[in-house]
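Participant: So the sequences go chain by chain: A and B. Counted from 1, the first sequence has number 11 at position 12 by numbering that gives the first Met the number 0; the numbering is strictly sequential. Counted from 1, the second sequence has number 15 at position 16 by numbering that gives the first Met the number 0; the numbering is strictly sequential.
Worth flagging that the hints you see were computed from the coordinates, not collected in a lab. Accuracy of the hints is not assured; some may be wrong.
[Said to hold, decoys possible] 30 Å max Cα-Cα, derived DSBU-like pairs, lysine-lysine:
| id | chain 1 | residue 1 | chain 2 | residue 2 |
| --- | --- | --- | --- | --- |
| 1 | B | Lys278 | A | Lys93 |
| 2 | B | Lys131 | B | Lys45 |
| 3 | B | Lys131 | B | Lys278 |
| 4 | B | Lys229 | B | Lys131 |
| 5 | A | Lys93 | B | Lys210 |
| 6 | B | Lys278 | B | Lys210 |
| 7 | B | Lys229 | B | Lys210 |
| 8 | A | Lys93 | B | Lys295 |
| 9 | B | Lys230 | B | Lys131 |
| 10 | B | Lys295 | B | Lys278 |
| 11 | B | Lys230 | B | Lys210 |
| 12 | B | Lys45 | B | Lys295 |
| 13 | A | Lys91 | B | Lys295 |
| 14 | B | Lys309 | B | Lys45 |
| 15 | A | Lys93 | B | Lys131 |
| 16 | B | Lys278 | B | Lys230 |
| 17 | A | Lys91 | B | Lys278 |
| 18 | B | Lys295 | B | Lys309 |
Letter by letter, the chains look like this.
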Amino acid sequence: MDGLNEILSLVFNATLVRSTIRAATPILYATLACVLTQQANILNIGIEGIMIFAAFAAVTTSYFAGSWVLGLLAAIITGVVVAAFMAFAHLKAKADIFVVGMGVNMLAIAMTRFLLQRTFGVSGSFHHNDIVPMPRLNFDFGGNALLPGEQSTVSVDEYLNHKNREFMLKVPPKLHHNRPCYFPWRYVHVNPDGTVFPCGSWWEHTVFGDFKTQTFEEIWLGPQFTELRRQLGDHTAGTDRLPESLASRFERLTCLAGIVFMAHVRLSCSGD
Amino acid sequence: MYKTSWGSTLMTIILSLALGAGAILLLGYDPIEAYYQLFRGAFVGKFNIGGVMERFVPLMLTALAFAVSAKVAVFNVGVEGELYLGAIAAAWAGYAFTGLHPLVHIPLCFAVAMVASGAWGAIPGALKAYWKVNEVCVTILMNYVAIYFTSYLVGNPFSARASIPRTPTIEESARLLRILRPSRANIGIFVALGVLVLVWWMLYHTNWGYKLRHVGQNPFFSEYVGIPPKKVMIWGMILSGAIGGLAGAIEVMGIHGHFLDNFSPGIAFDGMLASLIAKNDIRMVPVLSLFLAVLKTGALGMERFTGVPKTLIDTIIAVFILLAAMEGLFAYSRRRSARSSGEEAA
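Just need the whole structure built from these sequences, with the hints factored in.
Facilitator: Dropping the structure here:
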């Protein structure tokens with residue numbers, strides 16, 4: 000029961016409130032936009048596209064002009080222009096509003112990708128220190144600390160962002176998708192309590208060994224590792240495509256799991 | 000409702016081609032060469048024609064499924080979910096039953112897929128008919144349920160225990176015959192065209208189809224003249240779901256040979272797009288589906304042979320779709336010029 004409370008207090012704390020506010024903000028704006036057009040009985044599914052266009056405009060302006068206010072203005076103007084185009088297409092040119100919305104969404108994804116390549120020479124995402132962000136609002140109710148009551152200079156968000164960026168920089172795109180996993184031949188993942196997983200993203204919770212009772216050799220050549228290697232090795236011939244969507248699907252889950260896990264590390268380290 | 004004329008359709012196509020050409024020219028590529036490769040990539044050679052066909056079949060069937068549900072005034076965004084359920088049902092029937100003759104096995108797979116997805120389609124239909132629940136919301140959410148449910152099935156009870164989440168390969172007797180060999184086109188295209196004609200005939204030349212369209216146009220009047228609008232609406236949705244499931248079954252039995260987790264990159268949404276641009280007119284559905292399939296297939300050739308970046312091609316496709324939808328574009332300017340000349344005369 001104490002264990003459960005501990006876990007619950009780790010999940011439901013100030014960080015959760017903070018993340019909720021941050022995650023709710025864009026949804027709130029999108030909802031407001033939909034509600035407005037819905038008053039005129041227009042089902043605007045192009046909001047997604049408008050947001051993508053506006054986000055691109057904001058980043059570009061902020062990068063070149065060095066001001067977040069200008070970036071915000073550019074985003075608003077872009078949004079209005081796209082919406083005006085949609086209004087023209089629907090009201091004057093008699094296009095179905097659903098088609099216009101889907102078309103704008105497709106256009107936004109394709110065109111911003113294209114412009115990103117042409118303007119900045121990168122694909123996927125663009126990070127730069129010259130992008131002036133909006134100032135952060137920081138209510139100090141302990142949300143910055145990793146655990147309530149402990150002092151930490153790095154927030155969970157910053158830590159995860161940093162890790163993510165590091166990963167994106169290090170791994171050449173696509174390389175890790177198109178081949179079978181080689182981890183069981185090269186790495187072990189040791190948890191703070193001495194148990195062993197084959198890698199850090201192992202979500203099945205099958206323990207592959209325990210350093211408290213076993214030697215490295217016993218674990219490394221043990222039945223679990225052997226079986227995993229056999230399974231991966233057997234199917235390398237048919238593995239021309241690993242499910243890329245898996246990563247995005249589990250993104251949220253792993254994020255949460257990561258937070259709990261890191262908190263767990265901190266706890267067990269401070270306990271010793 | 001606007002009357003579309005061939006002239007304005009032609010103008011739309013020319014305008015969108017010109018806009019695309021301008022963008023290609025600005026980037027320093029040769030637009031004529033690019034368009035030549037686009038059409039070559041769609042029509043020249045068995046592989047390319049087959050590529051168009053294999054994209055055309057699911058697009059047309061999902062478009063048809065959407066158009067049928069639109070006939071009973073249901074805006075069915077849930078075709079994607081029906082596609083997934085039909086696909087996994089067909090895959091299950093394909094590998095679970097062994098030793099059947101192809102003439103028995105293939106219809107059995109189709110039947111299982113259509114029953115599964117038809118029942119799935121009946122749910123939003125019943126919710127809308129009896130409890131007036133908004134079908135757009137329900138079907139969008141049910142898509143997630145269906146896709147994640149198939150994901151679960153393919154990961155656990157139906158898994159082939161391979162490193163890719165997929166079902167075991169279906170029996171040879173359940174496979175659809177391939178035509179145009181190097182490509183993955185198959186006889187599913189004849190099934191699809193047959194279904195198209197059958198559905199059109201049912202909607203416009205039978206009593207039952209008349210009831211369906213009647214309910215879609217005015218459910219209150221249907222009730223008054225003795226057609227039960229709620230039941231008919233559910234039957235329309237079952238038909239729509241069955242067609243969506245058939246599309247999934249053909250994908251599995253003709254192209255992949257097994258159910259692959261997340262196999263559809265939003266096929267049904269493209270189909271919905273085709274149907275909406277065609278104003279849910281069943282005779283125009285295959286034309287628009289073919290248009291989208293040609294664009295998608297040809298884009299590959301265009302990218303491969305000219306070096307025009309894929310993102311630009313996606314942009315041009317989106318512009319094509321927007322302009323194809325804006326059918327009043329030229330009618331509008333014509334009417335305005337007509338009005339202004341009328342004012343001058345007055």
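Participant: It remains to establish, for every hint, whether it holds in the given structure.
Facilitator: Hint check results:
Our distance criterion of 30 Å between C-alpha atoms is met by Lys278(B) and Lys93(A), whose separation comes to about 11 Å. With a C-alpha separation of about 49 Å, the suggested pair Lys131(B) and Lys45(B) falls outside the 30 Å cut-off, and the hint is violated. A threshold of 30 Å between alpha carbons decides the hint, and for Lys131(B) with Lys278(B) the separation of about 24 Å falls inside it, so the pair holds. A threshold of 30 Å between alpha carbons decides the hint, and for Lys229(B) with Lys131(B) the separation of about 10 Å falls inside it, so the pair holds.
Between Lys93(A) and Lys210(B) the alpha-carbon distance is near 29 Å, which keeps this suggested pair within the 30 Å criterion. Restraint check for Lys278(B) and Lys210(B): the C-alpha separation of about 20 Å stays at or below 30 Å, so the hint holds. This hinted pair checks out: Lys229(B) and Lys210(B) have alpha carbons roughly 11 Å apart, not beyond 30 Å. A threshold of 30 Å between alpha carbons decides the hint, and for Lys93(A) with Lys295(B) the separation of about 25 Å falls inside it, so the pair holds.
With a CA separation close to 14 Å, the supplied pair Lys230(B) and Lys131(B) stays within the 30 Å bound. Distance restraint check for Lys295(B) and Lys278(B): the Cα-Cα separation of roughly 21 Å lies within the 30 Å cut-off, and the hinted pair is therefore satisfied. For the hint pairing Lys230(B) with Lys210(B), the CA-to-CA distance comes to about 11 Å; that is within 30 Å, so the pair holds. Restraint check: the Cα-Cα separation between Lys45(B) and Lys295(B) comes to about 16 Å, which is no more than 30 Å; the hinted pair holds.
The straight-line distance between the Cα atoms of Lys91(A) and Lys295(B) is roughly 29 Å, inside the 30 Å bound, and the hint therefore holds. Between Lys309(B) and Lys45(B), the direct Cα distance comes to roughly 23 Å. Compliance with the 30 Å bound is thereby established for this hinted pair. Pair hint Lys93(A) plus Lys131(B) holds up; C-alpha atoms about 28 Å apart against a cutoff of 30 Å. At roughly 25 Å between alpha-carbon atoms, Lys278(B) and Lys230(B) fall within 30 Å of each other, so this suggested pair holds.
With a CA separation close to 17 Å, the supplied pair Lys91(A) and Lys278(B) stays within the 30 Å bound. Of the supplied pair hints, the one linking Lys295(B) and Lys309(B) holds, its CA atoms being roughly 11 Å apart against a limit of 30 Å.
Of the hints listed earlier, the one the structure fails to meet is number 2.
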